[in-house]
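Residue numbers (our numbering), protein chains in the order written: chain G, 1 to 142; chain C, 1001 to 1405; chain D, 2001 to 2158.
Worth flagging that the hints you see were computed from the coordinates, not collected in a lab. Certain hints may be false.
Unchecked claim - Over the 12 Å line for every Cβ pair with chain D, so calculated as not near, a few chain G residues: (1) P38; (2) E43; (3) R54; (4) H55; (5) T66; (6) L67; (7) C102; (8) P120; (9) A128; (10) I130; (11) L137.
What the hints assert, rightly or not - Chain C side only, calculated, beta carbon under 8 Å to chain D, not exhaustive: (12) L1025; (13) R1029; (14) L1037; (15) H1041; (16) E1045; (17) F1210; (18) D1229; (19) D1230; (20) I1305; (21) R1309; (22) G1312; (23) K1315; (24) K1363; (25) G1392; (26) F1395; (27) K1396.
Claimed, not checked - Derived DEER-like restraints, expressed as beta-carbon distance ranges: (28) C:R1157 / G:D116: 29 to 39 Å; (29) C:K1283 / D:S2149: 49 to 59 Å; (30) G:F45 / D:G2078: 32 to 42 Å; (31) C:S1050 / G:I74: 28 to 38 Å; (32) D:K2124 / G:F45: 48 to 58 Å; (33) C:T1034 / D:T2120: 15 to 25 Å; (34) C:G1392 / D:P2025: 50 to 60 Å; (35) D:G2137 / C:R1269: 35 to 45 Å; (36) G:I74 / C:S1197: 40 to 50 Å; (37) G:I74 / C:D1237: 50 to 60 Å; (38) C:K1283 / D:S2076: 35 to 45 Å; (39) D:S2076 / C:K1170: 35 to 45 Å.
Glycine included, C-beta positions come from ideal geometry on N, C-alpha and C.
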Amino acid sequence: MIADKILNWSRIKSPWIIHFNSGACNACDIEVLAALTPRYDLERFGIQLKGSPRHADVLICSGPVTLQQRDRLIMIYEQMTEPKFVVAVGTCSCSTGVFAGCYCVLGGVDSAIPVDAYIPGCPVKPEAIIDGVVKLLGSIKK
Amino acid sequence: MGKMVIPLGPQHPALEEPESFSLLLQGERVAAATVALGYNHRGMEKACESRTYIQNIYLLERICGICSHSHSTCYVQTVEMLAGLEIPKRALYLRALIGELERIHSHLLWLGVAGHEIGFMTLFMYAWKDREVVLDILEMLTGNRINYGMNTIGGVRRDITPDQAQDVLKCLDVLEERTAYYAKLVTEERTIVNRLSGVGILLKEDGLRFGATGPVLRAAGVAMDIRKDDPYGIYADLDFNVATDEHADVYGRAIVRVTELIESYKICRQVIKEMPDGPIVVKAPSKIPAGEAFSRYEAPRGEDIHYTRSNGTDKPDRVKVRAPTLANLAAITHMIEGGYLADVPIIIAAIDPCFSCTDRMIKVIDSSSGRENIFDWAGLRKYSMEWYSKQGIDFKNMNAFRKED
Amino acid sequence: MEKETLVLNKLAGAFPCLEGAGVIPVERRIFLDVPSDIFMDVIKYACLELKFDHLCTITGLDAVDYFEFIYHISNSDGIVLNLKRRAPKENPVIDSVLPLYDGATFYELELEGILGAEVTGLPKDRQYPLPDSWPKGQYPLRKDWSPDSLQNNLQGEC
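Make the full structure from the sequences, and use the hints.
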């Protein structure tokens, strides 16, 4: 258990991220992927995109929480081990945005799980994603 | 042997995840397929009824971040018909410019995604890097990389300066050169040809029967393109070719999209050269006279449809949207059935779906044992690349970067 | 508007009660109200004889006193023929056009899902587009439905 915690904390220097999208309009998802391409190169911070919540330190969420996706989002969050952090990217992920009032949309990400960092933008810009993630890492280390 | 459900993904085994595709396998081939949709349903059409016509532009732009100008333009066209507005020519040229730039970024996005699906990572990185050039222009012209906010009822919200026009032309030069490389790659690189040929066949008769649209239909030799058949905006005055191919498979769809890139560069140059001076907007009433209007638009994925009914108030009575992907999904099981399981990811990717299909589960049932496997997208992609690797089709040794990167 | 007028003339020729019923508001757009009892014959004629063989989509809407269904079909001249039929709210039953248009499934499932129509002849093995957890009997596109009804319903289940 202690060994896991040490392993987890040391990974914060180069966190593993998992990306979950509730499929709003895909613009933020594409900008998250763009952040990993050479022009923006999120990986130079040691950040790696992983497939499994069990190995991830940071959950990056795009899109608002829809009726269809709410339980799945909560499940993924619960599968992550501590310490874990959630980043809401994009305006509708932060606060529902333009989809407020749509009948299958429940709210921003924090209507389902706790959020540690909010990065607005419609869509969020790759530079803002990098900026937000780096700030989050900085605040964790303190 | 009883049924076993083997989750091959990150999701919790106990979570009853509705799968988007359910495939019955006979050996390694898909004997039958069903598709379930709706996980991206937000309730936007209903929301439109409690927002003004202008507010709805910003909502409908976000149906899909890739086709956002398509939806926006298709919608404002219905409102402009209802209000009986004559849109200034300069505004229509500007709409066409943004529309073609959107087509360009969308097709480059697709090229990268297709590369990613078959394990050709270099193509993914190249195409998305070249796409950044287009996004830079779009940001310069509209203030945003995606979701441009270019349209208003009655015209457009931003104009283009002569310097900006020159910058656009310079970028088109760069893109044309890069696209010549993609055209060569797609037509001459044997590994790509072998990987994509004979996959996901949709013949002309079946395409028409199912109501398929866009590059999927054009790859079956059907020269249907709303810009020619039911021209909107300024397209009746523009000179361009409709890209078709006869292969009727995923390979054909790749050829059509690359050809369309080249045609779009042509259209952009024409638009910049021939754009007249003048106003970019006419005043529109906030209350739209009662009536109904139907508009079509050739989005990067095909025929986009908007229908609006007005009732004399400042809010629509009904807005109906049919995005092109839904039309192509009607044919997807036909394209998958009879083919290999290993082909499923690229067949789905080749309709250029406007949903995040990489997030959905795929159930695979073996018809002889009754055993069920649940794949997540990454798992099926991995299976696909390994299967093709055994056939001698592998992109690993092609994954190298250009000298200038 | 020659081609459009020709289409209306042919329809009126085959179905005399349609004489004078169509509207051509702009080029390549025809809107036509069709009585329910001849609707299936009219759409069949339009599809097979007049070659309006592409089904763009079907719009279902709540017109307060009745439900209206608009079948948007197009031909190779780029003309869109919008055939409209009505159904009473107490009995919103219409026929499937699958025998004519293979791509109609999702459009007809949507009429059932969000408007609460009943489409006879439509295979019922799935629903579209609402989530599986959606409460039964709630039809969002009806004018008397609001998202508050859903919140109340969902809270009731928790």
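Hint by hint, here is what the structure shows:
1. Under the 12 Å C-beta cut-off, the non-interface status given to P38 of chain G relative to chain D holds; the minimum distance is some 38 Å.
2. For E43 of chain G, the condition that its CB be more than 12 Å from all CB atoms of chain D holds, with the nearest at approximately 36 Å.
3. With a minimum CB-CB distance of about 26 Å to chain D, R54 of chain G clears the 12 Å threshold, and the non-interface call stands.
4. Residue-level check passed: H55 of chain G sits 29 Å from the nearest beta carbon of chain D, beyond 12 Å.
5. Its closest Cβ contact with chain D, about 8 Å, brings T66 of chain G to no more than 12 Å, contrary to its assignment away from the interface.
6. L67 of chain G, annotated as away from the interface, has a beta carbon of chain D within 12 Å; the closest lies near 5 Å.
7. In this structure C102 of chain G is not separated from chain D by more than 12 Å, as the shortest Cβ-Cβ distance comes to only about 8 Å.
8. The Cβ of P120 of chain G lies farther than 12 Å from every Cβ of chain D, with a closest approach of about 24 Å, so its non-interface assignment holds.
9. In this structure A128 of chain G is separated from chain D by more than 12 Å, as the shortest Cβ-Cβ distance comes to about 31 Å.
10. Under the 12 Å C-beta cut-off, the non-interface status given to I130 of chain G relative to chain D holds; the minimum distance is some 34 Å.
11. Interface exclusion of L137 of chain G from chain D stands, the closest Cβ pair being 36 Å apart, more than 12 Å.
12. Interface restraint check: L1025 of chain C against chain D, minimum CB-CB distance 20 Å, threshold 8 Å, status violated.
13. With 8 Å as the threshold, the beta carbon of R1029 of chain C stays out of range of chain D, its nearest partner Cβ sitting at about 23 Å, so the hint is violated.
14. The beta carbon of L1037 of chain C is positioned within 8 Å of a beta carbon in chain D (closest approach about 6 Å), and the interface hint is therefore held.
15. Taking 8 Å as the C-beta cut-off, the interface hint given for H1041 of chain C holds, the closest approach to chain D being about 4 Å.
16. Checking E1045 of chain C against chain D by beta carbon gives a least distance of about 7 Å; that is within 8 Å, so the hint holds.
17. Below 8 Å, beta-carbon pairs count as interface contacts, and F1210 of chain C has one with chain D at about 5 Å; its hint therefore holds.
18. For D1229 of chain C, the suggested interface contact is upheld, since its CB lies about 4 Å from the closest CB of chain D, less than 8 Å.
19. With a least beta-carbon distance of about 4 Å to chain D, the hint placing D1230 of chain C at the interface is held under the 8 Å criterion.
20. Restraint check, I1305 of chain C versus chain D: the minimum CB separation of about 5 Å is within 8 Å; hint holds.
21. A distance limit of 8 Å between C-beta atoms decides the matter here; for R1309 of chain C the minimum to chain D is near 7 Å, and the interface restraint holds.
22. About 14 Å separates the beta-carbon of G1312 of chain C from the nearest beta-carbon of chain D, more than 8 Å, and the hint is not met.
23. Checking K1315 of chain C against chain D by beta carbon gives a least distance of about 13 Å; that is not within 8 Å, so the hint is violated.
24. Contact between K1363 of chain C and chain D, as hinted, is not supported at the beta carbon level, the nearest pair being about 14 Å apart and thus beyond 8 Å.
25. Against a cut-off of 8 Å between C-beta atoms, the interface hint on G1392 of chain C is violated, since the closest Cβ of chain D lies about 37 Å away.
26. Given the 8 Å rule on beta carbons, the hint for F1395 of chain C is violated: about 34 Å separates it from the nearest Cβ of chain D.
27. Restraint check, K1396 of chain C versus chain D: the minimum CB separation of about 39 Å is more than 8 Å; hint violated.
28. Checked against the hint of 29 to 39 Å, the pair R1157 of chain C and D116 of chain G passes, with Cβ atoms roughly 36 Å apart.
29. Between K1283 of chain C and S2149 of chain D the beta carbon distance is about 38 Å. The supplied range of 49 to 59 Å is therefore violated.
30. For F45 of chain G and G2078 of chain D, the Cβ-Cβ distance of about 52 Å falls outside the hinted range of 32 to 42 Å, so the restraint is violated.
31. For the pair S1050 of chain C and I74 of chain G, the supplied restraint of 28 to 38 Å holds, since their beta-carbon distance comes to about 29 Å.
32. In this structure the supplied range 48 to 58 Å holds for K2124 of chain D paired with F45 of chain G, their Cβ-Cβ distance being about 51 Å.
33. A hinted range of 15 to 25 Å holds for the C-beta pair T1034 of chain C and T2120 of chain D, which are about 22 Å apart.
34. Checked against the hint of 50 to 60 Å, the pair G1392 of chain C and P2025 of chain D passes, with Cβ atoms roughly 59 Å apart.
35. Distance hint check: the CB atoms of G2137 of chain D and R1269 of chain C are about 56 Å apart, inconsistent with the given range 35 to 45 Å.
36. In this structure, I74 of chain G and S1197 of chain C meet the distance hint of 40 to 50 Å, their C-beta atoms being roughly 44 Å apart.
37. I74 of chain G and D1237 of chain C have their C-beta atoms about 54 Å apart, which keeps the hinted 50 to 60 Å range intact.
38. For K1283 of chain C and S2076 of chain D, the hinted distance range of 35 to 45 Å is satisfied, since their beta carbons lie about 37 Å from each other.
39. Between S2076 of chain D and K1170 of chain C the CB atoms are about 40 Å apart, so this pair conforms to the stated range of 35 to 45 Å.
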